[in-house]
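Participant: Assemble chain B onto chain A, guided by the hints.
Chains as they are written, first to last, in the numbering used here: chain A, 1 to 348; chain B, 1 to 348.
In case anyone wonders, no lab produced these hints; they're calculated from the structure.
Treat each hint with caution, since some may be false.
If several chains are the same, the list does not tell them apart, and a pair holds so long as it fits within one copy or across any two.
To be verified - Below 25 angstroms or equal to it, Euclidean Cα-Cα: the simulated DMTMM-like pairs (lysine to aspartate or glutamate) are:
#1 Lys125 to Asp288
#2 Lys162 to Glu58
#3 Lys162 to Asp56
#4 Lys99 to Glu130
#5 Lys144 to Glu23
#6 Lys99 to Asp161
#7 Lys256 to Glu293
#8 Lys33 to Glu58
Since the structure is predicted, the reported quantities are computational estimates derived from the model, not experimental observations.
Protein chains: 2
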Amino acid sequence: MSMSKYIMLHHGAGAREMWNIIEALIISKVPTKLRKLPRGAGIDVLDDGAVIPISDNEYLVLSVDSYTVNPIFFPGGNIGHLAVNGTINDLVVMGAEPKAFMDTIIVEEGFPLSDLEIIINSMLKALKNEGIALIGGDFKVMPKGSIDKVVITGVGIGITDKPIIDKDIKPGDKIIVTSPIAEHGAAILAAQLGLLDEVKNLRSDSRPLSRTLLPLIKKYKKYVHAARDPTRGGIAAVLNEWVRSSNFSITIHRDKVPIREDVKAFLEAMGIDPLSMASEGSAVLAVDGVVAEEFVKELRSRGEDYATIIGEVTKPDSEILRGRVLAITEIGGKIILEPKSVNLPRIC
Amino acid sequence: MSMSKYIMLHHGAGAREMWNIIEALIISKVPTKLRKLPRGAGIDVLDDGAVIPISDNEYLVLSVDSYTVNPIFFPGGNIGHLAVNGTINDLVVMGAEPKAFMDTIIVEEGFPLSDLEIIINSMLKALKNEGIALIGGDFKVMPKGSIDKVVITGVGIGITDKPIIDKDIKPGDKIIVTSPIAEHGAAILAAQLGLLDEVKNLRSDSRPLSRTLLPLIKKYKKYVHAARDPTRGGIAAVLNEWVRSSNFSITIHRDKVPIREDVKAFLEAMGIDPLSMASEGSAVLAVDGVVAEEFVKELRSRGEDYATIIGEVTKPDSEILRGRVLAITEIGGKIILEPKSVNLPRIC
Chain A
1 MSMSKYIMLH HGAGAREMWN IIEALIISKV PTKLRKLPRG AGIDVLDDGA
51 VIPISDNEYL VLSVDSYTVN PIFFPGGNIG HLAVNGTIND LVVMGAEPKA
101 FMDTIIVEEG FPLSDLEIII NSMLKALKNE GIALIGGDFK VMPKGSIDKV
151 VITGVGIGIT DKPIIDKDIK PGDKIIVTSP IAEHGAAILA AQLGLLDEVK
201 NLRSDSRPLS RTLLPLIKKY KKYVHAARDP TRGGIAAVLN EWVRSSNFSI
251 TIHRDKVPIR EDVKAFLEAM GIDPLSMASE GSAVLAVDGV VAEEFVKELR
301 SRGEDYATII GEVTKPDSEI LRGRVLAITE IGGKIILEPK SVNLPRIC
Chain B
1 MSMSKYIMLH HGAGAREMWN IIEALIISKV PTKLRKLPRG AGIDVLDDGA
51 VIPISDNEYL VLSVDSYTVN PIFFPGGNIG HLAVNGTIND LVVMGAEPKA
101 FMDTIIVEEG FPLSDLEIII NSMLKALKNE GIALIGGDFK VMPKGSIDKV
151 VITGVGIGIT DKPIIDKDIK PGDKIIVTSP IAEHGAAILA AQLGLLDEVK
201 NLRSDSRPLS RTLLPLIKKY KKYVHAARDP TRGGIAAVLN EWVRSSNFSI
251 TIHRDKVPIR EDVKAFLEAM GIDPLSMASE GSAVLAVDGV VAEEFVKELR
301 SRGEDYATII GEVTKPDSEI LRGRVLAITE IGGKIILEPK SVNLPRIC
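Excised from the complex, chain A in its bound form (with noise of 0.2 angstroms):
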């Protein structure tokens, strides 16, 4: 592997560079038994949270994630919201039911505390909707100049008696997006852009999943095999991870993937392709063919009105589709799907 000699925005843009990059300084350094806890789930998977079994039937998740998104206030709303909301979603795709959460303020010197507070309300005001308690925390200040505004850490603390550990996928699996993808990530890129004027309908979806696909993960846990919020990266990147280290292949149907016309029309004026960029309140799930038309049909009836079945996981009938994902277009054309790093930092 070749590797730059300095850091550059696409390692950290959740796709190859970045999982490159993790691998030759990190994982690759840490002996095997120090990867995971006895029984548990660390980072021998790729997965979005730490399982850890705490008795016979009962597992600890933990995930971690820091927030760098700017600008810190956008449509649809707010560093600390959206710290919140992504670190209850990453317990959610694991399966587990959000229970504490900790978290760590960086703010830079100068900042107005009124915007802090805003920022520290929307956090508290989603911990408490959802009945999570805060459990601790830190809080730094650095000098003006040496951060740019806010940085917010988020530890999720969540249970669960069957972690949904992305490992299981096997044909037949149906892949379902349950609510229209790139919408995070096209409103920020508008803000970025500074055309949120003009295109006025982009705005994120960052919002917890705990209400409607908690419950339906937790029905038919037996039959999730993989679960994932598409942030960085969007749903190109998470198909990719799955299909990576297994014999399958994934097809997926691009007019089937749900996506609000503005999102579509305003990300292929900016050439970027959806399934590449991130929503935040948004997962993609593989699961078993025998339930997944039933799993649709009652995300539908909890209020997930474009949840879809996109494509399925496959036996590769051609040795070059093993590991990848093959998307089908729109007209019927047959193209490898490889994870993009759309150079946009500070997403999430």
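Facilitator: Just chain B now, with coordinates in the frame of chain A:
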């Protein structure tokens, strides 16, 4: 409480201004029942970690801290080394055996990969030395100019059958300091001032306390009423937090506080009280008078040659001392020791 309209450096300095802002913006707004998990400890006590009961006699202890130290390489360590050791020590002073670690690394675009590698290798070595598993993390890149080099957040996961929650101090408890104080703060200050060439013997004490202190905390667990690693704000901040909401007082003898001559001379020249300066390899404890001497003796036999009793918890003999710390000076004077905001950002 009056507050500035903008975040200022002292809001992050570990003393009263910081606790005031955290109380005003966060703690006071969280409903009481969401300040901890049932039977656990959370933001209802201001301690180094949160406590989650996982069985009748086992508790998980979780800590989170963001490390923003500047410079990132300093005599005695680097930001990665500090993030792991600081996290370990937060667990140790809660009485917990460190078991697992998660991190987030935020790097500035353009940062040299070779430096990042040194930092990460230090982290991994520190974890490996203690047999601590790395079970998760996050990696973000921020554009040049939006973060100064590297910020690391450490999440510690430990186990204990008896968490040390700092709310049980009582008269007769002896205050023990385990090793010379203010070493880390002095080294960072000298580095920030560009004085490392002149004051050569300053060196951070960043190191894990899991070998020397933890076995004794476990052995004497029912006698250890409080324990803390005095980082931001130093032992002045810790002792004040301990008595702040109690009816007691703490009396310490300044001449008994272990401190190296080099460190003392440098800080005196800078006009800074070492009692307000950060350590990263020392701890302060309130231990029942019945076993305190023995505790110190055993600490010394384990290599903590400078472990010392510096004072004790008392029933205040005048109202003015209630909830305050009294320092007997080297010449016998009596001074109220206030927590001070040393104007030294990015110390940890």
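Participant: Measure nothing new, just compare the shortest in-copy and cross-copy C-alpha distances for Lys125 and Asp288 to 25 angstroms and report within, between, both or neither.
Facilitator: neither (36 angstroms within a copy, 42 angstroms between copies)
Participant: Give the relationship of Lys162 and Asp56 under a CA distance limit of 25 angstroms: within one copy only, between copies only, both, or neither.
Facilitator: both (11 angstroms within a copy, 22 angstroms between copies)
Participant: Cα distance capped at 25 angstroms. Does Lys256 pair with Glu293 within a copy, between copies, both, or neither?
Facilitator: Answer is within; shortest intra-copy Cα gap is 14 angstroms, inter-copy 73 angstroms.
Participant: One pair to classify: Lys162 and Glu58, alpha carbons no more than 25 angstroms apart. Within, between, both, or neither?
Facilitator: both (8 angstroms within a copy, 21 angstroms between copies)
Participant: Classify it for me, Lys99 with Asp161: is the Cα-Cα distance of at most 25 angstroms met within a copy, between copies, both or neither?
Facilitator: Both: 14 angstroms inside a copy, 21 angstroms across copies.
Participant: Measure nothing new, just compare the shortest in-copy and cross-copy C-alpha distances for Lys99 and Glu130 to 25 angstroms and report within, between, both or neither.
Facilitator: Intra 9 angstroms, inter 29 angstroms, cutoff 25 angstroms: intra-copy only.
Participant: Between copies, within a copy, both or neither: which fits Lys33 and Glu58 at Cα up to 25 angstroms?
Facilitator: Both: 22 angstroms inside a copy, 23 angstroms across copies.
Participant: Could you place Lys144 and Glu23 in one of the four classes (within, between, both, neither) given a Cα distance threshold of 25 angstroms?
Facilitator: between (34 angstroms within a copy, 24 angstroms between copies)
Comparing the model with each numbered hint stated earlier shows that hint 1 is the single one that does not hold.
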